[in-house]
Structures are given as structure tokens and as C-alpha cells.
Amino acid sequence: MDGFFGIEIARRALETSQYGMNVTAHNIANANTPGYTRQRAVLEATESFPAPYWNRPLVQGQLGTGVRVKVIERVRDSYFDGQIRKENQALGGWQVKENALKQLETIFNEPSEAGLQNAMGEFWNAWQQLSRNPESISIRSSVLEMGRMLVNSFNQLSDKLSRLQENLNDQVAAKVNEANSIAEKIASINHDVLRIRVYGTEPNDLLDQRDQLIDQLSKIVDVKITELDSGVMLVYINGRQLVSEQSANQLQAVANPLNNGFYDVKWALDGESLVMYDGELKALVDSRDVIVPKYQGNLDLLASTLIAEVNNLHSRGYGLDGTTGWNFFTGTSAKDIALSSDVDDPKHIAAASSWPPGGAPGDNTNALAIAALKNAAVSVGGSLTTMDDYYRSIVANLGIDSQEASRMVENGKLYYDLIENHRQSVSGVSLDEEATNMIKFQRAYQAAARLISVFDEMLDVLINEMVR
Amino acid sequence: MRITNSMLSNTILKNISASYERLEKYEAQLSSGKLFRRPSDNPIAVRQAMDIRASLKDIDQYLGNIEDGISWLDTADTALRNASDLLHRAKELAVRGANATNSQDELQAIALEVDQLLENMISIGNTTFADRYVFAGHKTTTVPFTNAGSTVNYNGDSGSISYEIEKGITAQVNLPGDNVFKGTTDVFQVLIDLRDHLRAGNYSAVSQDTSRVDDALGAITNALTVIGARTNHLELTRDRQEQAKINLSEILSNIEDADLAEVIVKLKMEENVYQSALLTGSMAMQKSLIDFLK
Chain A
1 MDGFFGIEIA RRALETSQYG MNVTAHNIAN ANTPGYTRQR AVLEATESFP
51 APYWNRPLVQ GQLGTGVRVK VIERVRDSYF DGQIRKENQA LGGWQVKENA
101 LKQLETIFNE PSEAGLQNAM GEFWNAWQQL SRNPESISIR SSVLEMGRML
151 VNSFNQLSDK LSRLQENLND QVAAKVNEAN SIAEKIASIN HDVLRIRVYG
201 TEPNDLLDQR DQLIDQLSKI VDVKITELDS GVMLVYINGR QLVSEQSANQ
251 LQAVANPLNN GFYDVKWALD GESLVMYDGE LKALVDSRDV IVPKYQGNLD
301 LLASTLIAEV NNLHSRGYGL DGTTGWNFFT GTSAKDIALS SDVDDPKHIA
351 AASSWPPGGA PGDNTNALAI AALKNAAVSV GGSLTTMDDY YRSIVANLGI
401 DSQEASRMVE NGKLYYDLIE NHRQSVSGVS LDEEATNMIK FQRAYQAAAR
451 LISVFDEMLD VLINEMVR
Chain B
469 MRITNSMLSN TILKNISASY ERLEKYEAQL SSGKLFRRPS DNPIAVRQAM
519 DIRASLKDID QYLGNIEDGI SWLDTADTAL RNASDLLHRA KELAVRGANA
569 TNSQDELQAI ALEVDQLLEN MISIGNTTFA DRYVFAGHKT TTVPFTNAGS
619 TVNYNGDSGS ISYEIEKGIT AQVNLPGDNV FKGTTDVFQV LIDLRDHLRA
669 GNYSAVSQDT SRVDDALGAI TNALTVIGAR TNHLELTRDR QEQAKINLSE
719 ILSNIEDADL AEVIVKLKME ENVYQSALLT GSMAMQKSLI DFLK
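Residue numbers (my numbering), protein chains in the order written: chain A, 1 to 468; chain B, 469 to 762.
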């Protein structure tokens, strides 16, 4: 044991304090960085002296030799990561659905004066109006006008629904690209992690980045994560590997001609369909292929029922010129419903139910019958209801679906926030704590410096005072 | 639990935005006066509101139909009252003409007036409402009664015209002329015969015509009674519909109108919450140990 032994201990203390101070500085600097995990310098006492072997120097007891930084580690609980990712999938899915349903509500635009219900009401009232004055050409023209307004409402609704579908389809392709790019990044981080870990260091900030990327990816599609001892994270989507140790597989959006040319999501490698159960991508596909078509189908059914019922009565009635057999509407769906060219001449509107020799311009029986369709129970897709009621139940169902989605998003967010709070509780930077550490390291540094000057004074006695 | 700065700021941000969201909701309710904007705000209430709106629209249409029907019936009523007055005058003339003391000249003068009455009766039968013949059945654009000298022809038909006056219920608003003027008693024929008997100086026939004029009067009175009953029915229905309209409007208002006082109170409370959230946020996020280290 030599006279410089203590100085070496103090030097180590100085160095370690500085190290700790740097870690603290890094934490404070990243206090607001999203995805950042606070880091901690793990200190340990260096090996004592002398080491216990048979020809050790004969000193009393073992002397400590000071401190060193063993490792700089992230303070993180991977349990919360798993929870967040699971919640992310559900939340992402519901957010997409909520968004689609809110857009549907905007498209249907009820309750308002501009909605389909009002257009239907105006149409039926026009027939009532006609029943009061079937002789009038101008009232006949206004029946045509209201009919035109109604078919326009149907056409526009149908058109907007198709555009919403196309919009969702574009988002499918965008999400696939996003997932591919995230997978690429994860693969490249995996590669870096492997290289850095070879030297025995923890690539903390890279790990943070990778965790954040996986969080993002878990929102898009239901991924499973396996972490290897080497520090590599493997990403699977329902059993098939997306990210390996070095590289990432690609997903691909392939237009499917059997489904209006909408995109199917497949594996680029062999064109096999991607199996999904949750997440944004799945919800986009579902919204596009299930939710919007459901309302489109309801609307088509309403339009085709309207066409059939009105035409059925109309073609049996007589126009002002005694002709019969005219259709009022043409088409089979909300998309192609239109006024029939049969009624280009307003005289062909069939207000009368019979036409004896000499005519019956005052006969309003057929107009009354058509107006009464409003409150008549007819078969809409097999169930007996009025057309108005059927439409209102479409709107009410949409409201209920949309409300459910909003509630699920709200619940999901609450749960997400709760877990995120737990995660932040473990991994977040606390400025108070960092300030405390700062003082700890500062004081330790000061004390170690003082030790050096004390040892210096002791050596001064030995070197200078003892000389005669 | 270890509390970190980001937790604090996240929580504060979440609370502030939740409060702001509620503020926005109340602002919207206040400015629109309505409790909901889209079906998902309250699907059941939206459904009810749509039902009631449709019913209100129906009622407005029915009320219009009823007004139109009443006007139609009023036109017929006025016409038939004139016809009744006219027949009273015809009866006076018949009674006077049946008196054998009348000279031939006097009889001719009475016959001339009866002829005039006949023309008037024909134009009563041809009464129009908004350019449509009210006594022509379905042939509303054809002149229903034309004078053929020894008889008056009916060119209309017996078609009935009905309006829908409430859900699923129709009411007839016209009286076909063949029924009114040419039913069991042909009103025109009575006048023609009276005129011809006067011209011929056939006192006994004129005397018999007096009772036939009474029959004609009876026919017109019957028609007037029918019109009165129908008008009554329409008016009762109108009153009931108007009452229903008031009730439905009230229910609609209860369902979808925001109670202003309530919304304002809620808005004010939310404003307080919002401000205190901002205040606590600004205080809590400011201070940390750093502030106290020298």
C-alpha cells in the first residue's frame, strides 16, 4: 500500500461524479423528449484490496478502492410496453371507425332541412298538392321538380358514400407504406443494437427509438414482439415475421378487381393475404368493406323500394291526356335513380285512376294513392315498414353505431392514459429528482476534490517538512 | 407513486382539453338553441325528433288540404243557397200563375221570368272554383249543364273528389251535379215544365208544378245539409290537427331545444373549471426544485 492510494480513490470518485452529472444532464435535456426513458448511472464499489489470494500482502482487513460506473441503464418496465401496445391496437381501430362513422353522419346530414327526410317529405306533399288540383300543369311541373330534388338527394348521398369508400381505400395504401417504413427502421435499429452490444455497452437512446417505433406500429396492425437475449426485437403479425434480426419483410397494397379495385393487404414476398384482427389497417379495411357498404346498401334498398312502389301505382293511373302505363322513376339503386323520360311531359303524370270517354281531369284518386305511400307499410327488404320510417331507422342506427365507437375511443383513451401514466411514473424524467441528483453529484465531487487536497497536504508534510 | 414532470403536464393538458371540449359543447348548444347536432349525440332523441318533424310536415299539408276543401265546399254552399232563393221565387211565381184570373199577358210575363230563373239555375250549376266546375264530377273542365231547349243536359260524371285530411282518412269535397240537380227530382225540368205550362196557360198543370218546385227545393236543401255536415267534419278535423300541431311542437321543443338558463349556468360553471385548470396548470408546471437552488 503506497502513499498515493487515497489519491487514486479520490480520482475515481471525481470521475464517477462527473459521469453521474453527465447522465443527469442528459436526463434534464430530454425531460420533454417523447419516448425518452430516463437513464441511471449504476455505481458500484471497485474490487477491494487486497484480493484474497494465498500470497496476499499482510495488512489488516480489506481496504475499499473506490467507485466506478458499472453501466448506464434505462429505467423501464416492459410490462407497461406490452399493455400500451395491446391497448394501442384496439384504440387505433376504434379511432378509425369513429372517424368513418362521423363522416357518415356528416354525409347523411340529419336532422336538418337539407337531409333526405325533408326531400322525401316535400315529394309526398307535392302529390298531396296535385290531388288538390290535378288539372293544373304548373302543379304537375312542381311534382316533377320535387321528384328531381329527391332523386338528386339520393344520387348525391350515394356519390358521397362512394367517395368516402375511395378515401378509406387511399388510407389503406398510406397505412401500408407507413407500416413498411416503420418496419425498415426497426430492422435497421436491430442491426445497430447488435453491433453496439458487442462492445458491452447499452445503446439506450436507440432502444428508446425502437420502443417508440413499435408503439406506432402496434397502432397500425396487431403485432407480437419477441425480444432476444442479444437485444434484437423480432416483430410478428399473426405468426408471420415482419422484422427479423437484420431485415424487414414488406407489405403490399394490391388492387383487387373483384372488390371494385380496392386494395387488399398482402405480403410482398409471396402475395399471401395479411391476416389481421385489430389495429388501424384492419379498421380501415372493415370501414371500407363493411360499414360504408352497409349504409350504401340500406340507401339502395330504400331507393329501389321507392322506385317500385311509385311506379307500380303510377303506371296504372292515367295522365291528363288519357294515356296510361307511364313510369315515374327509372333505375334500381340510390346511385342511378332518376326521373323517367315517360314523364318529361307533365301531362303524363298519372293523377287519375281511370279515364272514361270524355276524360276525368278532376280525378285525383291516383295522386291520393301515391301520396298515401308515405304512410303505407310496404315491404322494404322483406320487412314491413313505411319508407320514411325505414330511413329514420337507418339514421338512428348510424347514430347508435357512431355513439358506440366514440364511447370505445373514450374508454380506450382513458385506459391508455392510465397505462401511459404508469409508464411515465417509472420512465419519465422528474426534474426534482434530477436536481437532487445534481446536488448529490456536485457535493460528492466537491468532497472528492477536498480529499485530494487533504492527501496533498499530508504528502506535503512527508516531502517538505521532514527535510532538515 | 413516483410523479414525473411529463405526467403532470399530460394530466393538466388532458383536463384542460376535456374542459375545453365541454365548453365547446355548451357554446354550440347556446348558439344553435338545440341539444344535439348529429345522430350520435343522442340517437333515440334524434329519431323521435325526426318522427315528430315528419308528422308536423304532414299536419301542415293536411291543414292546407282542409282549407282548400272548405273553400271548395263554401263555393258549392253559396251556389246552392242562391239556388234555394231562386226556387223560392219560382214557387211564388207558380202560385201566382196558378190563379186563373191572370190574363194571357200576365202569364207570358211570369213565364219570361221563370225562363230567366232557369238560365240563372243553369249558371248556378256551372259554378266554378279556381277555374274548375264544382258540380261536374271528375270532368272539372267541361261545362256540366247546357240548355237544350226542352231539357238541360248534364255533361259531367258522378266522380267524387276527395282530399286526404288526416293520416289515412279522406273526405269528399265535391257533389256531382247529376246527384244534386238531376236526382229523383230534375230541378231544371221542373222549371222548364213550369215555364212551358205558363206559356200554354195550363192552370191546373201550373198548380201541380207548385208541389214539384217544393220537391226541387227539398233536393237542394238536402244537398245543403250534406255540404254543412262535410264542412263541419273538415272544421272539426282542422281544430283537432291544430291542437295536435301545438302539442307536437311542444314535445319537439322538449326533446331538442336547449334550456337556455340551464345551458348558461353549465357554461359558466365550465368556464370556472376551465380557468382554474389553466391556473393550477400554470402554477404546478412552473415550480420545481430548480427554482429553489442557489
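Hints are not guaranteed to be accurate.
What the hints assert, rightly or not - In the DSS-like style, the derived pairs of lysine-lysine whose C-alpha atoms are separated by at most 27 Å in a straight line are: (1) A:102 - A:224; (2) A:347 - A:294; (3) A:86 - A:70; (4) A:294 - A:102; (5) B:755 - A:102; (6) B:502 - B:525; (7) A:335 - A:160; (8) A:413 - B:559; (9) B:525 - A:413; (10) B:755 - B:482; (11) A:413 - B:493; (12) A:102 - B:559; (13) B:482 - B:493; (14) A:440 - B:734; (15) A:86 - A:266; (16) B:502 - B:736; (17) A:102 - B:650; (18) A:102 - A:160; (19) A:266 - A:185; (20) A:160 - A:294; (21) A:266 - A:224; (22) A:185 - A:160; (23) A:86 - B:559; (24) B:493 - A:102; (25) B:650 - B:559.
Calculated directly from the structure, the hints in this document are not laboratory data.
Do the hints match the structure? See the list:
1. Straight-line distance between C-alpha atoms of residue 102 of chain A and residue 224 of chain A comes to about 31 Å, which puts the hinted pair past the 27 Å bound.
2. Between residue 347 of chain A and residue 294 of chain A the alpha-carbon distance is near 39 Å, which puts this suggested pair outside the 27 Å criterion.
3. At most 27 Å may separate the alpha-carbon atoms for a hinted pair to count; residue 86 of chain A and residue 70 of chain A exceed this at roughly 34 Å.
4. Using a Cα cut-off of 27 Å, the hinted pair residue 294 of chain A and residue 102 of chain A holds, with the two alpha carbons roughly 15 Å apart.
5. A C-alpha spacing of about 41 Å is found between residue 755 of chain B and residue 102 of chain A, which places the hinted pair above 27 Å, so the restraint is violated.
6. Only pairs whose Cα atoms come within 27 Å are accepted, and residue 502 of chain B paired with residue 525 of chain B is accepted, the gap being roughly 19 Å.
7. With a CA separation close to 10 Å, the supplied pair residue 335 of chain A and residue 160 of chain A stays within the 27 Å bound.
8. Among the hinted pairs, residue 413 of chain A with residue 559 of chain B is inconsistent with the structure: their alpha-carbon atoms are about 93 Å apart, more than 27 Å.
9. Between residue 525 of chain B and residue 413 of chain A the CA atoms are separated by roughly 43 Å; this puts the pair beyond 27 Å, and the hint is violated.
10. This hinted pair checks out: residue 755 of chain B and residue 482 of chain B have alpha carbons roughly 20 Å apart, not beyond 27 Å.
11. Distance hint between residue 413 of chain A and residue 493 of chain B is fulfilled; the C-alpha atoms sit about 20 Å from each other, no more than 27 Å.
12. As the CA atoms of residue 102 of chain A and residue 559 of chain B are separated by approximately 78 Å, the hinted pair breaks the 27 Å bound.
13. Taking the CA atoms of residue 482 of chain B and residue 493 of chain B, the gap is about 17 Å. The hint holds against a cut of 27 Å.
14. About 50 Å separates the Cα atoms of residue 440 of chain A and residue 734 of chain B, which puts this hinted pair outside 27 Å; it is violated.
15. For the given pair, residue 86 of chain A sits about 23 Å from residue 266 of chain A by alpha-carbon distance, which is consistent with the 27 Å threshold.
16. At roughly 18 Å between alpha-carbon atoms, residue 502 of chain B and residue 736 of chain B fall within 27 Å of each other, so this suggested pair holds.
17. A C-alpha spacing of about 67 Å is found between residue 102 of chain A and residue 650 of chain B, which places the hinted pair above 27 Å, so the restraint is violated.
18. Our distance criterion of 27 Å between C-alpha atoms is met by residue 102 of chain A and residue 160 of chain A, whose separation comes to about 13 Å.
19. For the suggested pair residue 266 of chain A and residue 185 of chain A, the alpha carbons sit about 20 Å apart, so the restraint of at most 27 Å is met.
20. Using a Cα cut-off of 27 Å, the hinted pair residue 160 of chain A and residue 294 of chain A holds, with the two alpha carbons roughly 14 Å apart.
21. For the proposed pair residue 266 of chain A and residue 224 of chain A, the alpha carbon gap of about 18 Å is at most 27 Å, so the pair holds.
22. For the proposed pair residue 185 of chain A and residue 160 of chain A, the alpha carbon gap of about 37 Å is over 27 Å, so the pair is violated.
23. For a cut-off of 27 Å, the pair hint linking residue 86 of chain A to residue 559 of chain B is broken: about 101 Å separates their Cα positions.
24. With a C-alpha separation of about 16 Å, the suggested pair residue 493 of chain B and residue 102 of chain A falls inside the 27 Å cut-off, and the hint holds.
25. For the suggested pair residue 650 of chain B and residue 559 of chain B, the alpha carbons sit about 18 Å apart, so the restraint of at most 27 Å is met.
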